[in-house]
Amino acid sequence: MTDHHVILRVISKMLIPVVVVYAFYVQFHGDYGPGGGFQAGVILAVAMILFALIFGIREALAAVPAAFARGVAGTGLLLYAGVGLWAVFNGGDYLDYDYLVEEEPGGHAGQHLGILLIELGVLFTVAGSMLTIFYAFAGRVVEIRDEDW
Amino acid sequence: MDIGLALVNVALLAMLFVIAVAIIRIKSLFAIVMLAGAYSLVSATWFVALDAVDVAFTEAAVGAGISTTLMLGAMLLTSRTAKQERRLVDLATLGICVVTGAVLIYATIDLPALGDVSSPANAHVGAEYLARVEADTGVPNVVTAVLASYRGFDTLGETGVIFAAGIAVALLLGFGERSLSSGRRSGKRGGRSS
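The listed protein sequences correspond, in order, to chains U and Y. Numbering follows the numbering used here, in which position 15 of the first sequence is assigned residue number 15; successive positions increment by one, without gaps. Numbering follows the numbering used here, in which position 37 of the second sequence is assigned residue number 37; successive positions increment by one, without gaps.
Pulled out of the complex, with its shape left as it was, chain U reads as follows (with noise of 0.2 Å):
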């Protein structure tokens, strides 16, 4: 294929991996700033789809694989559920952040591990999820055609 978006392309590869910085930006800046998982993992899965719309699916299939975004999706669920029954058999309560680890009453180390755990299970969730919607749209249609641009 003769490469006449190769603007488009050079743009993109410089621009994709400033996004998934980015999208790590926000996610561990979630506690001081707005944003966390739910946005961070949409932002992730932006970057991974402009990168499939630009280099072609099969490229982006064979970078992050189908089965592998939908295994992430599941591992962060299980994740986020996981954090909770840590809690429980610290004897706490379901996501009782505060059992997570020993200490001082009043401390915070806990609450800040389980919501940076669970922050984690939200992205990796929503960035699988994501892909794994765009790649059953996007796995029907081979290649972009060049009227469709």
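One or more hints might be untrue.
Partial chain Y-side listing against chain U, Cβ under 10 Å, derived [stated by the list, open to error]: (1) A49; (2) L50; (3) V53; (4) F163.
If you only want the chain Y side, here are some residues facing chain U, beta carbon under 8 Å, derived [stated by the list, open to error]: (5) A61; (6) P120; (7) L147.
The set of hints was computed from the structure by calculation and includes no laboratory data. Every residue gets a Cβ at the ideal spot worked out from N, C-alpha and C, and that includes glycine.
Let chain U serve as the given structure and place chain Y on it in line with the hints.
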């Protein structure tokens, strides 16, 4: 509310109105998808003007980001233009729309003013969360604390809903691997006009 903020609100709402009318009038699906993305971006800007930064951020990421790309992906499976509809003037439908709109506008009279400290949203649990969040969780962003800690059950349910949605779409449409095995099947794309 000062006059500058009021002007910003009016301008943004006017843009939303214009985009909405354009979406109704335009037949090209690609233009509609792009305008829907623009609509989300403008609403996100408006949410910032309303001091709802977290909502704005979500709207920008979900509405303008993922929805646009997913709609593009879905559009590739169908035709490029919307079906031409017969023009008809249906007085009953128009009447229902006008009456419903009038009732909704009448209902907004009872809504609390923007930023009203005595409104139910700000006076009861909202104030409670703001007072306790530092001692309970030590998380500076109250929205995150409410979402992830106080309302952890809700968020778990939401995550489950998203997971279920992804799996349901994949079960209906396939997991995407078929494009690798079966190659390009242009004959399967019936019913599209180019």
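Okay, the hints, checked on the actual structure:
At about 15 Å, the closest approach between the beta carbon of Y:A49 and any beta carbon in chain U exceeds 10 Å, and the interface hint on this residue is violated. About 13 Å separates the beta-carbon of Y:L50 from the nearest beta-carbon of chain U, more than 10 Å, and the hint is not met. The interface hint given for Y:V53 is met, as the beta carbon of that residue sits about 4 Å from the closest beta carbon of chain U, less than 10 Å. At about 5 Å, the closest approach between the beta carbon of Y:F163 and any beta carbon in chain U falls short of 10 Å, and the interface hint on this residue holds.
For the restraint placing Y:A61 at the interface with chain U, the shortest Cβ-Cβ distance is roughly 5 Å, inside the 8 Å limit, so the hint holds. Taken as an interface hint, Y:P120 does not check out: its beta carbon lies about 24 Å from the nearest beta carbon of chain U, beyond 8 Å. Given the 8 Å rule on beta carbons, the hint for Y:L147 holds: about 7 Å separates it from the nearest Cβ of chain U.
When held up to the earlier numbered hints, the structure conflicts with 1, 2 and 6 and fits the remainder.
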